[in-house]
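**Q** Here's the letter readout for the chains.
Number of protein chains: 2
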Amino acid sequence: MQYKQGALSNITILDLTRVLAGPYCTMILADMGANVIKIEIPKKGDDTRQYGPFKNGESMYYANVNRSKKSITLNLKSEEGRKIFLEMVKKADVVVENYRPGVMDKLGVGYDVINKVNDRIVYVAISGFGSYGPYSDRPGYDIIAQAMGGLMAYTGWPETGPTRSGNAMGDVLGGMNGAIGILAALNGRNVTGKGQRVDISLVDGIAAALENGIVRYEATGKVPERTGNRYSTLYPYDSFEAKDGQYVLGCGNQKLWEIFAKLAGMEELITDERYIDGPKRLEHFEELREKINDWSKNYLVEDVVKLILDAGVPAAPIYDMEKLVKDEHIAKAREMFVPLKHPVIGDMHVIGDAVKLMGTKNGVRWPAPSLGEHNSEVYRELLGFDGDKLKELEDNGVI
Amino acid sequence: MQYKQGALSNITILDLTRVLAGPYCTMILADMGANVIKIEIPKKGDDTRQYGPFKNGESMYYANVNRSKKSITLNLKSEEGRKIFLEMVKKADVVVENYRPGVMDKLGVGYDVINKVNDRIVYVAISGFGSYGPYSDRPGYDIIAQAMGGLMAYTGWPETGPTRSGNAMGDVLGGMNGAIGILAALNGRNVTGKGQRVDISLVDGIAAALENGIVRYEATGKVPERTGNRYSTLYPYDSFEAKDGQYVLGCGNQKLWEIFAKLAGMEELITDERYIDGPKRLEHFEELREKINDWSKNYLVEDVVKLILDAGVPAAPIYDMEKLVKDEHIAKAREMFVPLKHPVIGDMHVIGDAVKLMGTKNGVRWPAPSLGEHNSEVYRELLGFDGDKLKELEDNGVI
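Those sequence lines, one after another, are chains G and P.
Quick note, the first sequence lines up with residues 1 to 399 if you use my numbering.
Quick note, the second sequence lines up with residues 1 to 399 if you use my numbering.
Because the hints were derived from the structure by calculation, they are not lab data.
Heads up, the beta-carbon is just placed ideally off N, CA and C, and yes, glycines get one too.
Treat the hints with care, since some could be wrong.
To be verified - A few chain P residues that face chain G, going by a derived Cβ cut-off under 10 Å, partial list only:
#, residue
1, L8
2, T12
3, G110
4, E159
5, R230
6, W366
7, S370
8, L371
9, H374
What the hints assert, rightly or not - In the DSSO-like style, the derived pairs of lysine-lysine whose C-alpha atoms are separated by at most 27 Å in a straight line are:
#, chain 1, residue 1, chain 2, residue 2
10, P, K116, G, K361
11, G, K222, P, K262
12, G, K222, P, K323
13, G, K326, P, K222
14, P, K91, G, K280
15, G, K194, P, K91
16, P, K255, G, K77
17, G, K323, P, K222
18, G, K194, P, K291
19, P, K389, G, K255
20, P, K389, P, K43
21, G, K255, P, K222
22, G, K222, P, K243
23, G, K222, G, K255
24, G, K323, G, K306
25, P, K4, G, K341
26, P, K291, P, K280
27, G, K55, P, K91
28, G, K222, P, K91
29, P, K361, G, K4
30, G, K194, P, K194
31, G, K91, P, K194
32, G, K116, P, K332
33, G, K332, P, K91
34, P, K255, G, K43
35, G, K106, P, K280
36, G, K44, P, K280
37, G, K194, P, K326
38, G, K306, P, K194
39, P, K332, P, K4
40, G, K361, P, K291
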């Protein structure tokens with residue numbers, strides 16, 4: 001059964017977020033049908049409207065993560081703007097913001113005020129260090145979260161030192177945690193009858209992503225070494241060399257290793273004391289890596305990966321952006337790069353959705369809005385404002 | 001208001017997942033109060049019960065990501081096991097599994113069968129490449145997803161080549177996407193009255209995490225270069241050297257750069273043509289990096305970070321696991337490493353929750369279960385089985 005509605009089509013979100021972590025959160029929810037009303041500063045808007053890359057003078061950065069949302073303008077620093085915002089809070093389910101802790105209170109629209117106006121509101125704040133704890137006042141960019149959350153120290157090579165994830169992983173995890181928080185609290189409203197506050201920190205998100213790192217550290221008392229692409233518990237599970245580039249190979253257990261060794265003409269290694277089991281292969285991983293490279297350097301990446309996969313052993317090419325956007329599985333079948341016609345930019349692609357809801361409508365709904373594009377629609381629908389009222393608010397710099 | 005209930009305390013999840021991505025997903029939901037019933041193979045259980053590190057013979061790996069869940073045993077390959085599972089499906093809200101696509105169908109408990117038994121079920125499948133598309137049959141370990149999803153090519157240094165994230169980021173993102181999918185589909189049930197299937201792929205999760213990578217590639221036609229710790233659009237936003245290690249500094253705009261330059265005794269650089277604006281500083285980043293290193297090498301990491309932060313410029317130490325677990329903000333105030341007494345392991349820590357629900361009860365509820373620990377409780381509650389029935393099922397190898 002395929003429904004016309006989105007899974008979140010009964011949810012209205014007032015979205016005060018800017019830049020990346022917050023907009024990434026509401027992007028996920030907007031594509032699932034939530035009515036995401038992005039509230040931007042009059043005349044200026046989200047900072048990322050000024051971020052490159054640009055096409056026809058329009059930011060592709062903004063266009064990517066703000067599709068499927070509505071844009072209205074509102075000056076929260078004006079008393080009338082504040083009142084209008086609180087009127088909208090009465091009609092909404094969720095408020096989400098990623099200001100530094102304290103800014104919403106200073107604007108007179110902190111959680112206590114919002115909760116008094118509508119106690120069913122789910123209020124989500126996303127910040128670098130969260131709204132409580134000794135560092136909560138510190139500025140928290142992505143690189144700060146990756147550094148203090150422990151991911152950088154864990155990533156990279158023995159000779160390079162700590163290495164950050166090439167994407168803004170702190171922002172991405174923060175945005176995803178925001179989405180989880182909003183959805184969990186919406187369900188919680190069915191349990192308690194009330195909304196609640198949800199506090200998201202980019203640093204928490206990075207730390208939580210370390211998964212079993214903490215138990216390995218606790219068991220050994222040793223800080224994990226940086227091992228490049230190999231895993232520290234078994235081998236061969238690493239990147240290797242082919243004629244035209246690198247590929248990865250994952251012999252996750254003894255059986256897979258034995259299949260691979262036969263395939264690669266290394267059958268004699270299976271009974272060789274130096275490679276007899278996982279720990280032994282790990283001990284001699286440098287020699288083994290060289291042997292595997294010597295074998296696979298005779299093949300193109302495409303061919304060696306096919307050969308290994310056909311034998312039933314996990315392997316993959318290492319895709320760069322170019323290969324990724326052309327791939328028949330990732331780009332085409334899984335729709336991870338969605339073609340979109342933006343009214344100013346023209347034809348472009350935006351990042352696709354990783355959560356595939358197979359029953360309700362899900363996916364990019366419309367291009368990112370121009371600044372205040374939905375003022376008339378949203379203010380009329382939610383608050384009944386007519387054209388004269390909107391003109392007056394505009395003249396007074398409120399919207 | 002602090003409620004005694006968890007936000008998901010009205011939700012029962014039948015959890016067939018093993019290893020990391022699936023269990024990470026249900027860990028998040030169990031800590032929020034969901035009734036997560038982990039269904040394990042009799043006598044054997046989740047593979048990770050055999051994964052190190054061990055303490056007192058018990059897996060700390062399993063103990064970390066399976067706290068707050070119940071464990072029951074059930075042999076889905078037996079006809080009676082299959083029937084019992086489908087009886088439980090009638091009483092549940094969610095089924096989640098991370099087998100290879102097709103396995104559930106082969107077991108006779110695929111989505112079509114489950115949906116016929118209970119059309120309100122949310123069914124989430126997590127796999128390497130997803131359940132459709134040309135590569136859906138391929139095995140999908142974490143390293144495969146990091147390689148093909150584009151993250152490795154994007155991470156690392158000009159001289160190292162593609163670099164994987166030190167944690168199992170493919171599994172973590174897959175698990176988080178699973179949680180988002182479950183929660184969104186539960187809300188969708190309020191919209192449509194029916195459950196639905198949700199399809200999660202580790203590769204999709206990695207690709208979606210590349211955020212604006214695709215628009216940068218589309219705008220320039222250039223595959224992004226690996227830039228180590230610096231960002232490719234502004235400078236100084238990178239890691240630097242102190243007397244006893246590295247730290248990160250993020251001058252996100254011109255104002256922050258000017259404050260920093262004055263602080264570091266480089267005031268003359270502010271008007272120097274070579275460093276006059278973002279693009280110029282980026283062009284000369286190597287010289288600027290050296291100047292900044294020369295300055296900060298006179299200080300300890302702790303002192304230079306404090307100095308920079310006090311001036312209002314974003315900076316942070318690069319934490320390894322040891323510093324992380326001792327930190328007063330991350331470990332203590334934000335509770336990212338939770339002390340837990342496990343009946344066999346004894347005192348240990350588990351990873352904390354990144355989503356802080358401030359109203360409903362949230363957090364680690366109890367230690368990971370022993371195999372089948374909750375057989376009696378769960379089978380009695382859900383299906384009314386008595387002791388004799390359980391004994392019979394056990395004797396027949398069904399549980």
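**Q** Confirm or reject each hint.
**A** Structure-based check of each hint:
{"no.": "1", "hint": "L8", "in the structure": "holds (6 Å)"}
{"no.": "2", "hint": "T12", "in the structure": "violated (13 Å)"}
{"no.": "3", "hint": "G110", "in the structure": "violated (13 Å)"}
{"no.": "4", "hint": "E159", "in the structure": "holds (8 Å)"}
{"no.": "5", "hint": "R230", "in the structure": "holds (9 Å)"}
{"no.": "6", "hint": "W366", "in the structure": "violated (17 Å)"}
{"no.": "7", "hint": "S370", "in the structure": "violated (17 Å)"}
{"no.": "8", "hint": "L371", "in the structure": "violated (19 Å)"}
{"no.": "9", "hint": "H374", "in the structure": "violated (22 Å)"}
{"no.": "10", "hint": "P:K116 with G:K361", "in the structure": "holds (21 Å)"}
{"no.": "11", "hint": "G:K222 with P:K262", "in the structure": "violated (40 Å)"}
{"no.": "12", "hint": "G:K222 with P:K323", "in the structure": "holds (12 Å)"}
{"no.": "13", "hint": "G:K326 with P:K222", "in the structure": "holds (14 Å)"}
{"no.": "14", "hint": "P:K91 with G:K280", "in the structure": "violated (48 Å)"}
{"no.": "15", "hint": "G:K194 with P:K91", "in the structure": "holds (26 Å)"}
{"no.": "16", "hint": "P:K255 with G:K77", "in the structure": "holds (23 Å)"}
{"no.": "17", "hint": "G:K323 with P:K222", "in the structure": "holds (12 Å)"}
{"no.": "18", "hint": "G:K194 with P:K291", "in the structure": "violated (55 Å)"}
{"no.": "19", "hint": "P:K389 with G:K255", "in the structure": "violated (38 Å)"}
{"no.": "20", "hint": "P:K389 with P:K43", "in the structure": "holds (18 Å)"}
{"no.": "21", "hint": "G:K255 with P:K222", "in the structure": "violated (41 Å)"}
{"no.": "22", "hint": "G:K222 with P:K243", "in the structure": "holds (23 Å)"}
{"no.": "23", "hint": "G:K222 with G:K255", "in the structure": "violated (30 Å)"}
{"no.": "24", "hint": "G:K323 with G:K306", "in the structure": "holds (16 Å)"}
{"no.": "25", "hint": "P:K4 with G:K341", "in the structure": "violated (49 Å)"}
{"no.": "26", "hint": "P:K291 with P:K280", "in the structure": "holds (15 Å)"}
{"no.": "27", "hint": "G:K55 with P:K91", "in the structure": "violated (53 Å)"}
{"no.": "28", "hint": "G:K222 with P:K91", "in the structure": "violated (45 Å)"}
{"no.": "29", "hint": "P:K361 with G:K4", "in the structure": "violated (35 Å)"}
{"no.": "30", "hint": "G:K194 with P:K194", "in the structure": "holds (24 Å)"}
{"no.": "31", "hint": "G:K91 with P:K194", "in the structure": "holds (26 Å)"}
{"no.": "32", "hint": "G:K116 with P:K332", "in the structure": "violated (31 Å)"}
{"no.": "33", "hint": "G:K332 with P:K91", "in the structure": "violated (38 Å)"}
{"no.": "34", "hint": "P:K255 with G:K43", "in the structure": "holds (22 Å)"}
{"no.": "35", "hint": "G:K106 with P:K280", "in the structure": "violated (37 Å)"}
{"no.": "36", "hint": "G:K44 with P:K280", "in the structure": "holds (26 Å)"}
{"no.": "37", "hint": "G:K194 with P:K326", "in the structure": "violated (36 Å)"}
{"no.": "38", "hint": "G:K306 with P:K194", "in the structure": "violated (41 Å)"}
{"no.": "39", "hint": "P:K332 with P:K4", "in the structure": "holds (23 Å)"}
{"no.": "40", "hint": "G:K361 with P:K291", "in the structure": "violated (54 Å)"}
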